[in-house]
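Chains as they are written, first to last, in full-length UniProt numbering: chain A, 1 to 244; chain B, 1 to 244; chain C, 1 to 244.
Incorrect hints may appear among the rest.
Said to hold, decoys possible - Lysine to aspartate or glutamate pairs mimicking EDC-like chemistry, simulated, CA-CA at most 16 Å apart:
(1) Lys77(B) / Glu115(B)
(2) Lys110(A) / Glu143(B)
(3) Lys164(A) / Asp156(C)
(4) Lys80(C) / Asp122(A)
Unchecked claim - Quick list of the computed label-pair ranges, beta carbon to beta carbon:
(5) Glu124(C) / Asp97(B): 47 to 55 Å
(6) Asp120(C) / Asp21(A): 37 to 45 Å
(7) Tyr133(B) / His125(A): 51 to 59 Å
(8) Asp109(A) / Leu126(B): 31 to 39 Å
(9) Asn107(C) / His134(A): 25 to 33 Å
Treat the hints as calculated values from the structure; they're not laboratory data. As the structure is a computational prediction, the values presented were derived from the model and not from experiment. Glycine included, every Cβ here is placed at the ideal spot set by N, Cα and C.
If you want the building blocks of each chain, they are given just below.
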Amino acid sequence: MLELRLVQGNLLKKVLEAVKDLVTDANFDCSSTGFSLQAMDSSHVALVALLLRSEGFEHYRCDRNVSMGMNLNNMAKMLKCAGNDDIVTIKADDGSDTVTFMFESPNQDKIADFEMKLMDIDSEHLGIPEAEYHAIVRMPSSEFARICKDLSSIGDTVVISVTKEGVKFSTRGDIGMQTLFAGKTPLSTRYMNSFTKATPLSSTVTISLSSELPVVVEYKIAEMGYIRFYLAPKIEDEEEDVKP
Amino acid sequence: MLELRLVQGNLLKKVLEAVKDLVTDANFDCSSTGFSLQAMDSSHVALVALLLRSEGFEHYRCDRNVSMGMNLNNMAKMLKCAGNDDIVTIKADDGSDTVTFMFESPNQDKIADFEMKLMDIDSEHLGIPEAEYHAIVRMPSSEFARICKDLSSIGDTVVISVTKEGVKFSTRGDIGMQTLFAGKTPLSTRYMNSFTKATPLSSTVTISLSSELPVVVEYKIAEMGYIRFYLAPKIEDEEEDVKP
Amino acid sequence: MLELRLVQGNLLKKVLEAVKDLVTDANFDCSSTGFSLQAMDSSHVALVALLLRSEGFEHYRCDRNVSMGMNLNNMAKMLKCAGNDDIVTIKADDGSDTVTFMFESPNQDKIADFEMKLMDIDSEHLGIPEAEYHAIVRMPSSEFARICKDLSSIGDTVVISVTKEGVKFSTRGDIGMQTLFAGKTPLSTRYMNSFTKATPLSSTVTISLSSELPVVVEYKIAEMGYIRFYLAPKIEDEEEDVKP
């Protein structure tokens with residue numbers, strides 16, 4: 001028996017909006033510690049890790065660990081039917097192949113029930129080792145979103161350079177313009193831009209960088225957990241550089 | 001000679017927005033009692049009935065009953081040129097094949113005239129008998145619009161069940177989810193959703209239900225009349241139920 | 001050496017938005033008097049003339065006259081990356097084939113550099129003689145924009161008639177409607193509508209008319225200059241009138 005009651009139901013809406021363009025189908029894992037998800041995007045370039053700790057739920061009952069496979073687009077579509085102030089309860093019976101989402105308006109005058117079929121999804125859980133990062137940048141998430149949007153309109157890759165003076169984002173585009181290039185490993189602007197869909201979840205974002213490790217873009221979810229995006233550097237196609 | 005002066009000209013804009021996606025061409029009927037329209041949608045599933053009573057107009061002159069056939073899309077396009085505070089006057093000479101719409105801004109500093117050709121449209125006026133309904137639901141029109149939008153994103157039909165405790169809207173979709181189904185006659189969510197285009201006309205909507213009759217969705221137009229939508233239950237395709 | 005520092009950087013954004021749909025590539029001319037542009041649209045029907053006087057810049061250094069060819073769409077795309085309060089500096093070295101745009105946020109905590117390749121664009125500079133106009137109309141630019149939008153949704157040409165009583169805009173469309181036609185030279189509603197993209201630059205617009213001259217639609221740019229659009233009357237295709 002699983003029953004998770006989340007008063008801030010729109011957190012779940014925001015989480016789905018942040019993830020659904022990156023990942024199509026994914027397993028949500030429930031255990032006594034929390035409700036979590038770990039999934040690679042379809043190109044196996046980026047990894048999403050979500051954790052909503054059990055303490056953040058008003059009521060959290062999870063008798064045994066379950067993994068529930070869901071289509072994130074369908075889940076997002078369904079969550080669109082929840083009001084922004086609605087309380088969301090996730091319910092599943094042991095061994096059942098369905099999950100029920102219940103939306104209650106704050107004054108209890110409206111209740112909606114959605115039953116969704118679960119899917120069997122193969123996935124391996126990657127162990128992400130704790131790492132030491134050379135640079136950690138904390139900045140307003142809205143500003144980061146704006147920078148990613150601007151850069152992605154101009155070039156395909158971004159280079160993030162961190163010095164004691166500040167952080168520099170650089171790109172180079174085929175419309176004949178560029179910004180300063182600092183020779184660091186390039187990251188995909190498309191992915192970075194996609195990660196900023198999590199902006200509504202937190203007013204700040206933390207970017208952790210190390211020359212040998214994937215970059216980590218983390219949005220804290222107030223008093224509940226986090227959503228983290230891991231992105232490996234983009235391997236530049238060498239032949240591209242040979243062009244006249 | 002016909003001359004109808006409507007101070008709240010944007011009522012007419014809202015009426016057209018509510019009707020134009022359902023009905024392409026229609027006759028507007030003018031008599032001493034008012035300005036009205038009755039039309040079936042192109043699939044002959046839904047019926048729209050509009051009445052704007054003569055008392056609601058600042059000036060209402062209609063020497064003899066006339067029926068003016070108009071293309072509702074063109075009419076809506078033209079009414080988009082009227083400001084929201086504009087006074088709209090509809091004028092037609094006896095026997096003329098054109099109608100003129102005049103838009104005056106409240107301070108009279110802007111006047112626009114539009115002459116539109118009338119069309120010959122075959123239509124029979126259905127007598128709608130007064131009926132006793134088993135259940136009448138009055139609810140905020142914005143909430144009804146939201147429910148119809150949510151339901152139509154999930155399933156094709158809606159079942160409305162009314163009990164002493166409240167009203168329940170249920171749907172069932174192919175993305176593997178459903179809500180409770182109560183065995184009543186199903187209605188098309190697409191049509192219900194389309195009716196909610198009339199939401200700007202009234203803050204409340206009245207839904208009248210009876211097991212043997214079309215459902216009636218009515219929006220009152222303040223001090224002037226109403227717009228009513230009639231929808232017959234959807235005949236379920238039996239073969240659909242046979243699918244594995 | 002060229003270095004132009006414009007504190008109101010968003011003026012440049014608005015100018016580009018006003019011009020980019022009309023003109024694809026154009027030369028920006030810099031001299032000691034100011035930063036200017038003159039270009040025909042691709043159909044050679046309308047002419048745009050822009051002037052930003054040197055006094056309007058916080059810093060203006062232009063050692064010798066230069067003409068910088070740019071693709072206006074790329075330039076607009078790049079300027080979208082400037083914040084609305086950003087200070088924009090345009091820099092070019094003598095003989096260089098690139099131009100650099102620098103965006104500084106007001107509190108200097110964000111700086112962006114864009115280097116853009118210049119293009120070779122053939123263009124002849126037309127001398128526009130000073131002319132006496134028979135009628136000059138000054139009106140709120142937002143109202144003019146609304147009128148052009150309304151008219152262009154109905155007909156292809158607009159006739160502007162000016163009398164001592166006021167100004168009248170008339171059009172005639174194929175959906176069977178028309179407004180009063182006063183027998184003056186017709187102008188293209190599409191172009192007139194396009195000119196109104198300059199609306200954010202000024203709260204008033206000045207329309208200068210003469211029966212033998214192109215109409216001039218002018219938006220003043222506060223304390224800096226102007227953007228002017230010249231449009232020749234539309235030659236009516238006589239065969240169109242022969243249609244039954």
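Hint check:
Using a Cα cut-off of 16 Å, the hinted pair Lys77(B) and Glu115(B) holds, with the two alpha carbons roughly 13 Å apart. Restraint check for Lys110(A) and Glu143(B): the C-alpha separation of about 10 Å stays at or below 16 Å, so the hint holds. Straight-line distance between C-alpha atoms of Lys164(A) and Asp156(C) comes to about 60 Å, which puts the hinted pair past the 16 Å bound. Using a Cα cut-off of 16 Å, the hinted pair Lys80(C) and Asp122(A) is violated, with the two alpha carbons roughly 43 Å apart.
Against the hinted window of 47 to 55 Å, the Cβ-Cβ separation of Glu124(C) and Asp97(B) comes to about 53 Å, which satisfies the hint. Distance hint for Asp120(C) and Asp21(A): a CB-CB separation of about 41 Å, consistent with the stated range 37 to 45 Å. Look at Tyr133(B) against His125(A): about 57 Å separates their beta carbons, and that is inside 51 to 59 Å. Range check, Asp109(A) to Leu126(B): Cβ separation about 37 Å, and the 31 to 39 Å hint holds.
Separation of Asn107(C) from His134(A) is about 28 Å and conforms to the stated range, judged on CB atoms against 25 to 33 Å.
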